[in-house]
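In the order they appear, the protein sequences are chains A, B, C and D. Each residue of the first sequence is one higher than the last, beginning at 323 in this note's numbering. Each residue of the second sequence is one higher than the last, beginning at 145 in this note's numbering. Each residue of the third sequence is one higher than the last, beginning at 128 in this note's numbering. Each residue of the fourth sequence is one higher than the last, beginning at 9 in this note's numbering.
Take these hints with a grain of salt, some might be off.
Unchecked claim - Cross-link-like lysine to aspartate or glutamate pairs, in silico, EDC-like; alpha carbons within 16 Å at most:
1. K139/C to D161/B
2. K213/B to D651/A
3. K692/A to E636/A
4. K149/B to D129/D
5. K160/D to E269/B
6. K149/B to D198/C
7. K182/D to D321/D
8. K467/A to E206/C
9. K492/A to D261/C
10. K270/C to E287/C
11. K27/D to D236/B
12. K146/C to E164/B
13. K235/B to E209/D
14. K150/C to E148/B
15. K260/C to D377/A
16. K146/C to E28/D
17. K170/C to E206/C
18. K150/C to E177/B
19. K138/C to E269/B
20. K311/D to E161/D
21. K260/C to D367/A
22. K142/D to D236/B
23. K467/A to E164/B
24. K27/D to E153/B
25. K149/B to E199/C
26. K235/B to D129/D
27. K467/A to D161/B
The hints are simulated quantities; they were obtained by calculation from the structure and are not laboratory data.
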Amino acid sequence: MSGMKPNIYFNKRVAVVGAGLTLFRRRIWETPQEMSWEAARKALDEAGLELKDIDCVVIGSAPDAFDGIHMKGEYLSHGAGGIRKMVSRVFVGGATGVMTPIAGWYHVASGLCSKVLVVAEEKMSPGRPHPQAVFKYIWDPITEKPLNPNLIWIFAMEMHRYMKAYNIKKEDIALVSVKNKNNAIDNPYAQIPAKITVEDVLKSEVLVWPVQLLDISPVSDGAAAMVLVGEDQARQLTDTPVWIEGVGWTLDSTGWPGRDLAYPRYLEHAARMAYKMAGIERPYKEIDVVEPYDPFDYKELHHLEGLMIAKRGEAPKLLKEGVFDRNGDIPSSPSGGLLGVGNPIAAAGLMKTISIYWQLKGTAGKMQVKKPVHTGVAQAWGDLMQASTVIVMRN
Amino acid sequence: MAWEKRGTEGSLVTWYDNMEVEAYVYTAGPVGEAFIKGLNDKKILGSRCPKCGRVYVPARMYCEYCFIKTEDTLVEVKGRAYIYTYTTVYKDHYGNTLQTPLHIGLIKFEGVTGGLLAYIDGKPEIGKEVEIVSYGIPLKVKVK
Amino acid sequence: MVTGLKDEDLKKVYTVTYKPNAKYGYSAGQAYSVFLQGLKDGKILGRRCNKCGRVYVPPRMYCEYCFRPTDEWIEVKDEGIVMTAVASFISWTRERLETPEIVGVIRLYPSRDNDFVYPGLFHRICTTYEKVKDMSIIGKKVKAVWKPKEQRVGSINDIECFKEVE
Amino acid sequence: MQRVAIVGIGWYGFRPQTKEVSFREMMFEAAVRAYQDAGGINPREEVDTFISCQEDFWEGISIADEFAPDPIGGAMRPTMTVDGDGLQCLTHAIMHINSGLSDVTVVEAHGKPSDILTLPDIVDFAMDPLYVRKVSPNYHFIAGLDATLFMKEFSATQEDLATVVVKNKENGLKNPRASYASKLSVSDVLEKPYVVYPLTELDIAPYVDGAINIVLASEEVARRYTDTPIWIEGASFATDSANLETATLGKALYLKIAADNAYKMAKIESPSKEIKGAFIDDRYSYKELQHLEALSLTKDPVKALREGQLYPDGDIPTNPLGGHLAEGVPLEASGLALLIDAIEYLRQGKESAIVASWRGVPTFTGAVTVLKR
Numbered sequence: 323m324s325g326m327k328p329n330i331y332f333n334k335r336v337a338v339v340g341a342g343l344t345l346f347r348r349r350i351w352e353t354p355q356e357m358s359w360e361a362a363r364k365a366l367d368e369a370g371l372e373l374k375d376i377d378c379v380v381i382g383s384a385p386d387a388f389d390g391i392h393m394k395g396e397y398l399s400h401g402a403g404g405i406r407k408m409v410s411r412v413f414v415g416g417a418t419g420v421m422t423p424i425a426g427w428y429h430v431a432s433g434l435c436s437k438v439l440v441v442a443e444e445k446m447s448p449g450r451p452h453p454q455a456v457f458k459y460i461w462d463p464i465t466e467k468p469l470n471p472n473l474i475w476i477f478a479m480e481m482h483r484y485m486k487a488y489n490i491k492k493e494d495i496a497l498v499s500v501k502n503k504n505n506a507i508d509n510p511y512a513q514i515p516a517k518i519t520v521e522d523v524l525k526s527e528v529l530v531w532p533v534q535l536l537d538i539s540p541v542s543d544g545a546a547a548m549v550l551v552g553e554d555q556a557r558q559l560t561d562t563p564v565w566i567e568g569v570g571w572t573l574d575s576t577g578w579p580g581r582d583l584a585y586p587r588y589l590e591h592a593a594r595m596a597y598k599m600a601g602i603e604r605p606y607k608e609i610d611v612v613e614p615y616d617p618f619d620y621k622e623l624h625h626l627e628g629l630m631i632a633k634r635g636e637a638p639k640l641l642k643e644g645v646f647d648r649n650g651d652i653p654s655s656p657s658g659g660l661l662g663v664g665n666p667i668a669a670a671g672l673m674k675t676i677s678i679y680w681q682l683k684g685t686a687g688k689m690q691v692k693k694p695v696h697t698g699v700a701q702a703w704g705d706l707m708q709a710s711t712v713i714v715m716r717n
Numbered sequence: 145m146a147w148e149k150r151g152t153e154g155s156l157v158t159w160y161d162n163m164e165v166e167a168y169v170y171t172a173g174p175v176g177e178a179f180i181k182g183l184n185d186k187k188i189l190g191s192r193c194p195k196c197g198r199v200y201v202p203a204r205m206y207c208e209y210c211f212i213k214t215e216d217t218l219v220e221v222k223g224r225a226y227i228y229t230y231t232t233v234y235k236d237h238y239g240n241t242l243q244t245p246l247h248i249g250l251i252k253f254e255g256v257t258g259g260l261l262a263y264i265d266g267k268p269e270i271g272k273e274v275e276i277v278s279y280g281i282p283l284k285v286k287v288k
Numbered sequence: 128m129v130t131g132l133k134d135e136d137l138k139k140v141y142t143v144t145y146k147p148n149a150k151y152g153y154s155a156g157q158a159y160s161v162f163l164q165g166l167k168d169g170k171i172l173g174r175r176c177n178k179c180g181r182v183y184v185p186p187r188m189y190c191e192y193c194f195r196p197t198d199e200w201i202e203v204k205d206e207g208i209v210m211t212a213v214a215s216f217i218s219w220t221r222e223r224l225e226t227p228e229i230v231g232v233i234r235l236y237p238s239r240d241n242d243f244v245y246p247g248l249f250h251r252i253c254t255t256y257e258k259v260k261d262m263s264i265i266g267k268k269v270k271a272v273w274k275p276k277e278q279r280v281g282s283i284n285d286i287e288c289f290k291e292v293e
Numbered sequence: 009m010q011r012v013a014i015v016g017i018g019w020y021g022f023r024p025q026t027k028e029v030s031f032r033e034m035m036f037e038a039a040v041r042a043y044q045d046a047g048g049i050n051p052r053e054e055v056d057t058f059i060s061c062q063e064d065f066w067e068g069i070s071i072a073d074e075f076a077p078d079p080i081g082g083a084m085r086p087t088m089t090v091d092g093d094g095l096q097c098l099t100h101a102i103m104h105i106n107s108g109l110s111d112v113t114v115v116e117a118h119g120k121p122s123d124i125l126t127l128p129d130i131v132d133f134a135m136d137p138l139y140v141r142k143v144s145p146n147y148h149f150i151a152g153l154d155a156t157l158f159m160k161e162f163s164a165t166q167e168d169l170a171t172v173v174v175k176n177k178e179n180g181l182k183n184p185r186a187s188y189a190s191k192l193s194v195s196d197v198l199e200k201p202y203v204v205y206p207l208t209e210l211d212i213a214p215y216v217d218g219a220i221n222i223v224l225a226s227e228e229v230a231r232r233y234t235d236t237p238i239w240i241e242g243a244s245f246a247t248d249s250a251n252l253e254t255a256t257l258g259k260a261l262y263l264k265i266a267a268d269n270a271y272k273m274a275k276i277e278s279p280s281k282e283i284k285g286a287f288i289d290d291r292y293s294y295k296e297l298q299h300l301e302a303l304s305l306t307k308d309p310v311k312a313l314r315e316g317q318l319y320p321d322g323d324i325p326t327n328p329l330g331g332h333l334a335e336g337v338p339l340e341a342s343g344l345a346l347l348i349d350a351i352e353y354l355r356q357g358k359e360s361a362i363v364a365s366w367r368g369v370p371t372f373t374g375a376v377t378v379l380k381r
């Protein structure tokens with residue numbers, strides 16, 4: 323990675339000491355501010371803190387076009403606790419959910435802030451005729467939007483390229499949906515937990531071949547929050563802090579039609595940045611539990627490869643062998659992922675980070691993986707097949 | 145790039161499009177719902193923080209200071225309504241002059257945190273008491 | 128605790144409906160203005176960086192890899208290889224389509240099979256659902272089908288689609 | 009906290025419209041100039057992280073950060089966006105550097121308001137959809153509410169506001185970025201009709217197209233790129249209550265909170281003595297005065313104005329290069345526009361300066377940066 327700072331020196335160790343989630347639902351009555359408040363309140367409660375103890379707030383939310391409010395971060399700041407405080411919103415498309423705790427991390431690690439509240443919110447339900455319509459505006463307005471694209475095209479194109487390049491079958495990919503929706507049964511926040519079969523996925527409505535209805539995560543409203551503090555405070559607040567030990571992110575160029583979509587090279591870069599910081603040399607051996615971004619089932623496999631947990635084209639094989647089951651060698655999406663829990667975009671990415679935090683803390687309840695865990699990774703993805711964010715945590 | 149630019153008439157394209165979904169439908173949540181219902185009943189309702197006692201208008205689910213849930217039952221605001229500040233709009237934001245200038249005020253209520261926007265009838269003045277003429281969003285008020 | 132609403136509940140609760148007024152006149156700028164004129168003339172124009180040799184389609188006035196200005200306009204072929212193709216049964220507003228719309232990415236010539244980056248275009252592909260479904264269209268050579276000259280306006284839609292050639 | 013240096017600045021545009029470039033080409037132009045200013049730095053190899061400050065509906069593209077990396081050299085690199093004013097990005101850059109993540113970070117912001125055909129409606133779209141958005145036919149009404157209360161609390165007159173306009177438009181005459189500089193009299197301003205009381209057309213800064221790129225470096229590596237680094241001594245940003253009903257009007261509380269934090273970081277105890285130039289948001293004339301008070305540069309900004317202290321040769325030179333009233337408002341690049349004014353001022357030999365931005369109606373968010381040569 324040319325240009326990456328060679329000898330990374332941490333100013334400060336940063337710990338996660340609390341987290342909270344709202345239910346993820348297709349439609350939530352409360353306002354986006356109130357949803358943010360509920361998640362933030364729960365995170366403060368888990369940390370044993372009050373808002374007055376917090377000095378900085380980081381907000382994450384995907385396009386303004388969902389909630390239907392321009393400068394959404396300003397609006398959300400009220401519910402997120404960013405009242406008369408240093409508060410800002412970070413944004414890298416669908417990868418925002420993991421960028422938000424990364425930003426929280428550098429707020430503390432820099433020494434500029436000591437206790438940071440990280441809040442991600444998404445309310446996708448206000449848009450009419452369908453939240454899908456909002457995705458037309460994410461394409462190049464001159465060279466792509468005139469083709470009237472929808473979001474699923476992106477995923478279908480990438481999925482088909484992935485299938486073609488590595489000779490992967492749809493039934494192998496469908497197993498991700500089966501696993502994640504099943505995992506979500508144990509997640510009290512989940513929107514669409516279900517016991518389904520590969521057959522169900524293959525028989526579901528064809529949306530954009532090769533993508534079918536059960537290959538994808540639903541439209542959701544929801545919020546998530548986390549509290550991050552420096553080492554000194556962490557020791558006072560809890561006996562079981564979980565440390566953020568590596569962060570990484572990369573955006574490839576906008577020119578997605580000009581590169582092979584079979585492999586998420588930008589994710590490999592982001593992962594290498596985070597692994598280097600965390601001292602991980604052999605990800606497939608050293609990572610105990612992982613939450614890769616799974617808005618679509620093939621994406622989890624694609625990302626496990628980009629994270630270098632599986633070799634290129636080999637994630638489906640490991641999935642079949644049960645490696646990624648909750649009781650497997652490297653449990654993947656033990657929370658149920660976006661496929662099972664729901665996909666309020668930025669909140670979903672932070673939910674994945676929180677899932678790893680609860681796993682490492684040992685408080686994941688029925689979601690807790692069987693094996694002892696020490697190192698966990700959460701990852702998110704976004705933009706026009708070009709962005710990835712990675713966070714490494716340890717207990 | 146600076147070495148190569150065209151600027152002659154007709155050589156540059158402007159591409160017209162929009163970012164408009166059909167509509168957005170916003171909900172107010174249970175507390176907002178009760179507040180709106182109160183307006184329909186010609187009442188200003190506020191949500192009270194059980195810890196600091198602040199009453200919020202418009203009613204919201206949480207106290208912005210204590211950051212805890214406000215009480216489930218809204219309280220009716222009975223305090224004096226007055227003009228906290230005001231402005232007069234003469235032109236719309238595309239520069240067209242309004243037929244009648246529009247007085248807009250932020251109305252506050254004694255003992256209440258927050259306030260409501262209102263169209264003001266009469267000569268507005270900071271601190272002046274007002275009478276609520278209609279309970280919509282915005283309110284319509286008359287200078288007393 | 129937040130409250131989940133069913134679709135039918137939405138009619139029972141207070142809502143505010145708002146139609147955004149968000150209109151733009153995007154400056155196409157140097158690169159896209161020429162590109163769009165090229166399409167009107169039946170040509171696909173790209174910009175080449177003479178340092179790394181990369182050809183940008185759609186064009187950029189700068190090379191994002193070398194971070195320097197691109198050097199010259201070149202006309203690429205309106206032919207290439209299908210890298211991926213999909214069949215859409217839903218419109219952009221998620222309404223059901225009876226006949227699927229087929230779109231994909233075309234790696235335009237000149238380029239080589241093992242290039243990771245190449246001049247690429249996202250467009251419609253004139254082919255059958257079966258060929259998408261069995262993936263036989265992927266890897267096939269296709270050529271642009273242009274709208275008649277008098278119907279071209281300087282838009283990506285001046286190309287109807289890319290169609291398989293032998 | 010180690011000090012962070014500004015080692016390069018670049019800008020492009022600052023004209024009412026820039027049709028010759030797309031927003032991406034405009035970003036590239038500013039970036040090339042900034043990298044040259046930083047001693048010819050190669051962004052592909054020597055920059056660790058990139059931050060762009062932008063908002064989707066200003067760009068006319070959803071998830072507009074897709075377009076952020078390429079034109080600034082940030083493709084396949086750690087590039088991110090902050091939805092905020094450029095000065096907020098600057099504080100994020102300071103955190104990147106101080107966390108150990110980066111030695112050199114680039115901050116970018118741009119605005120192309122001439123591409124937005126319905127800009128006022130976009131501003132409306134930022135307001136609370138339930139209680140505020142549809143109330144007024146003119147989005148400036150929030151500034152009107154604020155200005156009325158400010159004038160009452162500080163005993164300011166219409167003439168005082170007009171004097172700020174005249175001063176800044178004249179200061180802009182020597183600034184190459186000041187498309188709206190002019191020589192006017194106080195009566196020229198007063199004769200204009202109101203847009204929203206108490207503000208006339210001339211009290212409100214117009215919009216402008218522009219892109220700005222800033223290169224920041226850690227203390228250890230700064231001298232590698234320039235002999236004349238500008239040091240950031242303190243920086244912060246803050247939001248008051250975001251809801252109009254509960255926010256503070258009349259005074260700029262957001263800026264006071266941000267300034268107090270920035271002064272603490274810069275170890276400044278007496279701002280009015282230690283700061284030699286103020287580059288502060290004046291997108292409405294009264295805002296300059298209101299912001300001066302929030303920055304603790306004076307307790308009585310109206311008196312300071314009347315006594316001539318705010319002129320370039322006064323005690324508190326304020327917007328000596330014209331501010332937004334002369335340069336225009338380039339959306340999220342606004343704070344950085346004031347910043348490059350300040351940097352040019354310091355490069356001319358002045359000792360210290362403060363830069364203070366505001367995100368405009370309907371926000372209650374501001375950012376502060378304290379600079380020293």
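Checked hints:
1. K139/C to D161/B: It is violated: about 35 Å lies between the C-alpha atoms, which goes past 16 Å.
2. K213/B to D651/A: Measuring from Cα to Cα gives roughly 42 Å; hence the hint is violated.
3. K692/A to E636/A: violated, 24 Å
4. K149/B to D129/D: violated, 33 Å
5. K160/D to E269/B: This hinted pair holds, its Cα atoms lying about 10 Å apart.
6. K149/B to D198/C: holds, 12 Å
7. K182/D to D321/D: holds, 15 Å
8. K467/A to E206/C: violated, 22 Å
9. K492/A to D261/C: holds, 11 Å
10. K270/C to E287/C: Measuring from Cα to Cα gives roughly 11 Å; hence the hint holds.
11. K27/D to D236/B: Measuring from Cα to Cα gives roughly 27 Å; hence the hint is violated.
12. K146/C to E164/B: Given pair K146/C, E164/B holds - Cα atoms ~7 Å apart, limit 16 Å.
13. K235/B to E209/D: holds, 10 Å
14. K150/C to E148/B: violated, 30 Å
15. K260/C to D377/A: violated, 54 Å
16. K146/C to E28/D: violated, 32 Å
17. K170/C to E206/C: holds, 11 Å
18. K150/C to E177/B: violated, 32 Å
19. K138/C to E269/B: violated, 41 Å
20. K311/D to E161/D: holds, 13 Å
21. K260/C to D367/A: Violated, at about 51 Å.
22. K142/D to D236/B: holds, 12 Å
23. K467/A to E164/B: holds, 13 Å
24. K27/D to E153/B: holds, 11 Å
25. K149/B to E199/C: Since the Cα atoms of K149/B and E199/C sit roughly 12 Å apart, the hinted pair holds (cutoff 16 Å).
26. K235/B to D129/D: holds, 14 Å
27. K467/A to D161/B: holds, 9 Å
Checked against the numbered hints given earlier, the structure breaks hints 1, 2, 3, 4, 8, 11, 14, 15, 16, 18, 19 and 21 and satisfies all the rest.
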